[in-house]
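Keeping the supplied structure of chain G fixed, place chain P with the ligands upon it in accordance with the hints.
Protein chains in written order, with UniProt numbering: chain G, 1 to 290; chain P, 1 to 233.
Hints in this document: simulated from the structure, not taken from any laboratory.
Treat the numbers as computed from the prediction; the structure is a model and nothing was measured.
The C-beta atom is built at its ideal place from N, Cα and C for all residues, glycine as well.
Okay, derived cross-link-like pairs now, BS3-like style, lysine-lysine, Cα gap no bigger than 27 Å in a straight line:
| no. | chain 1 | residue 1 | chain 2 | residue 2 |
| --- | --- | --- | --- | --- |
| 1 | P | Lys126 | P | Lys90 |
| 2 | P | Lys124 | G | Lys160 |
| 3 | P | Lys111 | P | Lys126 |
| 4 | G | Lys160 | P | Lys126 |
| 5 | P | Lys177 | P | Lys124 |
| 6 | P | Lys180 | P | Lys124 |
| 7 | P | Lys111 | P | Lys90 |
| 8 | P | Lys177 | P | Lys111 |
| 9 | P | Lys124 | P | Lys111 |
| 10 | G | Lys160 | P | Lys111 |
| 11 | G | Lys160 | P | Lys90 |
| 12 | P | Lys124 | P | Lys90 |
Far from chain G, some chain P residues (derived; all Cβ distances over 12 Å):
| no. | residue |
| --- | --- |
| 13 | Thr59 |
| 14 | Pro166 |
| 15 | Val169 |
| 16 | Ser198 |
| 17 | Arg210 |
| 18 | Ile221 |
Pulled a few chain P residues facing chain G out of the computed Cβ check, cut under 8 Å:
| no. | residue |
| --- | --- |
| 19 | Ser48 |
| 20 | Val50 |
| 21 | Ile74 |
| 22 | Arg75 |
| 23 | Pro82 |
| 24 | Phe102 |
| 25 | Arg146 |
Listed below, chain by chain, are the residues.
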Amino acid sequence: MPELMQFLLSGATVGAVYALVALGFTIIYNASDIVNFAQGEFVMLGGMITVFAHMAGLPLPLAALLAIVVTAAIGVALNKLAIEPARGAPVVSLIIITIGASIFIRGAAQLVFDKQLHRFPAFSGDDPIAVLGATILPQSLWVIAGALAVFIGLWLFFTKTLTGLAVLATSNNRLAAQLVGINTSWVMTLSFALSAGIGALAGVLVTPITLTRYDVGIALALKGFAAAMLGGMGSPHGALVGGILLGLLEALTAGYISSQYKDAAAFIVILAVLFAMPQGIFGAKRTERV
Amino acid sequence: MLTVEGLRSRYGRIEVLHGIDFTVNSGEIVSIVGANGAGKTTLLRCLSGVQPITHGDITFRGEVLTAVPAHRRIRLGLAQSPEGRQIFTKLSVEENLRLGAFLYSDERVDKDLADAFAMFPVLKEKRNLSAGGLSGGQQQMLAIARALMGRPSCLLLDEPSMGLAPILVAQIFDVVKGLKALDVTVLLVEQNAFGALSISDRGYVMETGRIVMTGTGGELIADPRIREAYLGV
Ligand SMILES: Nc1ncnc2c1ncn2[C@@H]1O[C@H](COP(=O)(O)OP(=O)(O)O)[C@@H](O)[C@H]1O
Ligand SMILES: [Mg+2]
Chain G
1 MPELMQFLLS GATVGAVYAL VALGFTIIYN ASDIVNFAQG EFVMLGGMIT
51 VFAHMAGLPL PLAALLAIVV TAAIGVALNK LAIEPARGAP VVSLIIITIG
101 ASIFIRGAAQ LVFDKQLHRF PAFSGDDPIA VLGATILPQS LWVIAGALAV
151 FIGLWLFFTK TLTGLAVLAT SNNRLAAQLV GINTSWVMTL SFALSAGIGA
201 LAGVLVTPIT LTRYDVGIAL ALKGFAAAML GGMGSPHGAL VGGILLGLLE
251 ALTAGYISSQ YKDAAAFIVI LAVLFAMPQG IFGAKRTERV
Chain P
1 MLTVEGLRSR YGRIEVLHGI DFTVNSGEIV SIVGANGAGK TTLLRCLSGV
51 QPITHGDITF RGEVLTAVPA HRRIRLGLAQ SPEGRQIFTK LSVEENLRLG
101 AFLYSDERVD KDLADAFAMF PVLKEKRNLS AGGLSGGQQQ MLAIARALMG
151 RPSCLLLDEP SMGLAPILVA QIFDVVKGLK ALDVTVLLVE QNAFGALSIS
201 DRGYVMETGR IVMTGTGGEL IADPRIREAY LGV
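Isolated chain G (complex conformation) (with noise of 0.2 Å):
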């Protein structure tokens, strides 16, 4: 009972971190049906921007507050220079563009920063709390109250704010969107900010426990990619529930078979589900477009 309870809890914190990265792929596409495979690199700089600064001098909520910021602008460069040039181009042109941006942006950071891997200190502290017999780290409930703050912030931003509707719209319709006065371009420089902002916040919430490095976006992106298809791409519910599913699955395979088989038991579970549900768990069922 204490084992079982010690993977569920250790899969809820690994499922919260792939959470937030299916949280940042959601308004990107949203916006323009783009899965932006640099969110990975999103994470990436929000803790290693987080690290340096915090290194440089800055205390460590100022330096996570840069990061998030940075990080946005960003984002912002990224969808001026590399994906607003290419406007009108399919969406896999535009996927592909994300591929080349988060390698060059794993290359640049590279350079910029080191190698090297980094942590800073947890924001509470590094002694487990006791849960029914098993352990937790003060700074997993950081990451999942983080994934539930960001979660129920989207949720209420595409459901109840015109703003978010304007996100949707723009997505369904771009020359409708234009018609009723939405700054379509606009829209789309709101996505990348928002998206990044959250992927870098979500590599400020899991640096103290995962540590990170130039490199970590590319395994972070793939998993992230996989829960929100688990969900449903799109869906806010869907990221939420399918980063805790991963997470869970794999804790789970890990604990009670191998560490080894985990990857692969999950991949296997996504198949079966996205075979019986190709829209993923909480996937749109609407209309197709015309």
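Quick look at chain P with the ligands alone, frame taken from chain G:
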């Protein structure tokens, strides 16, 4: 209210509007009729700012629109219900309408929404359903209602009767005629020349990127050349 002078526009290297001149006066219903491919849709796209122009001027209520981006033109009072309806298929009927009033956040939005539902009761019944599930006629009503939510003083309508059953066509033309009472000036583009001209104060005939004839609605309907080319009589 709306003056267009010497307007030219192209797709790539192919020019499709070769110098268009026309005016729409406040309170009028003006039609532009012409065969498929004449350039009517391109013209309306230029007016709304979603298609670049290479020459000419568009003046709307005294303001030259050339440098005004698409999303600002609606704020000036120029709204469009585009060809093919272009509703937000994945959003609900009510969300479509609220997006029509995207620029406004005052109490008048709720009043306008109530007016839209009074004008098109079927939209009220389906307000929470996905707009992609509406029939063609209902989608057309939604497209017009959405444009009206933008509080236009001039409404551009691109082929509102396209693909509709005759009874619905008559209904849509009735709605257009009724816009006069709401103080909305209308520029109507149609292949259905007879239907359009019979509710219009004035009309223009467009052929391959040029205006070739103009007159009152009645004059054009009575003109033998028009009768032969567009009315099939
Ligand atoms: N997106 C486009 N790219 C290239 N040519 C176009 C495009 N849209 C329309 N055209 C061409 O421009 C001309 C005018 O088309 P259009 O404005 O749609 O006419 P209408 O609305 O009167 O049927 C046609 O010859 C058409 O083939
Ligand atoms: Mg047309």
